[in-house]
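Novice: Sequences listed follow chains A and B, in order. Under the working numbering, the residues of the first sequence are numbered 509 to 620, in order. Under the working numbering, the residues of the second sequence are numbered 2 to 114, in order.
For the record, the hints were derived by calculation from the structure and aren't laboratory data. Here the structure is a predicted model, which means the values were calculated and not measured. Some hints here could point you the wrong way.
[Said to hold, decoys possible] Each computed DSSO-like pair below joins lysine-lysine, with the alpha-carbon atoms no more than 27 angstroms apart: (1) A/Lys558 / B/Lys77; (2) A/Lys558 / B/Lys44; (3) A/Lys558 / B/Lys20; (4) B/Lys77 / A/Lys532.
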Amino acid sequence: DVVMTQTPPSLSVAIGQSVSISCKSSQSLVYSDGKTYLHWLLQSPGRSPKRLIYQVSNLGSGVPDRFSGTGSQKDFTLKISRVEAEDLGVYYCAQTTHFPYTFGAGTKLELK
Amino acid sequence: EVQLVESGGGLVQPGRSLKLSCLASGFTFSNYGMNWIRQAPGKGLEWVASISSSSSYIYYADTVKGRFTISRDNAKNTLYLQMTSLRSEDTALYYCARPLAYWGQGTLVTVSS
């Protein structure tokens with residue numbers, strides 16, 4: 509199984525600050541079609557997960573451009589520029605290149 | 002608007018069975034593969050099973066293989082998860098998802114005597 513290692517496990521930030529979350533996979537996430545199926549999700553408190561970014565760097569529908577994703581192969585990063593209160597919650601990276609699909613353990617973003 | 006509405010959760014004794022449903026609307030259900038993903042209380046996300054649009058391809062997590070069955074009825078726009086031989090560690094909020102872009106609100110399954 510592909511192990512997704514997400515760091516840090518938690519972040520304490522001030523509104524307006526920028527933060528980055530790292531996600532490393534134990535195998536390359538490049539699929540046979542050449543695409544990389546690495547995604548970022550946000551689960552706000554008491555809510556279902558919401559997809560922020562798909563295939564490394566593509567913004568999901570309605571997601572503000574304060575969010576950006578970069579990376580390749582096995583090393584990926586989510587950056588949030590100018591954190592807002594609505595950004596608080598748990599961020600997960602996820603891969604759907606290989607079965608079983610796997611998720612990172614999550615990064616909890618809290619207000620300082 | 003895409004909507005996924007799960008149902009069928011509840012309290013069940015260990016070893017018993019339960020069948021979850023997910024009613025889809027707002028998109029052409031028969032065109033998309035679908036997934037079940039669960040989240041134990043206070044824990045992270047765990048993929049459970051996937052089914053292709055025409056049910057030709059089905060995959061399961063090792064933790065549920067042989068006990069759970071994913072299926073779909075494209076005429077009814079509904080995804081199912083038949084769960085048998087339930088264990089306490091199956092206690093979780095079960096989401097259906099298409100496949101990560103859209104999520105339902107989840108249905109809670111509690112396995113306890």
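Novice: Each of the hints needs a verdict: does it hold here or not?
Specialist: Hint check results:
Restraint check: the Cα-Cα separation between A/Lys558 and B/Lys77 comes to about 25 angstroms, which is no more than 27 angstroms; the hinted pair holds. Under the criterion of a C-alpha separation no larger than 27 angstroms, the hint pairing A/Lys558 with B/Lys44 is consistent with the structure, at around 16 angstroms. As the CA atoms of A/Lys558 and B/Lys20 are separated by approximately 25 angstroms, the hinted pair is consistent with the 27 angstroms bound. For the hint pairing B/Lys77 with A/Lys532, the CA-to-CA distance comes to about 40 angstroms; that exceeds 27 angstroms, so the pair is violated.
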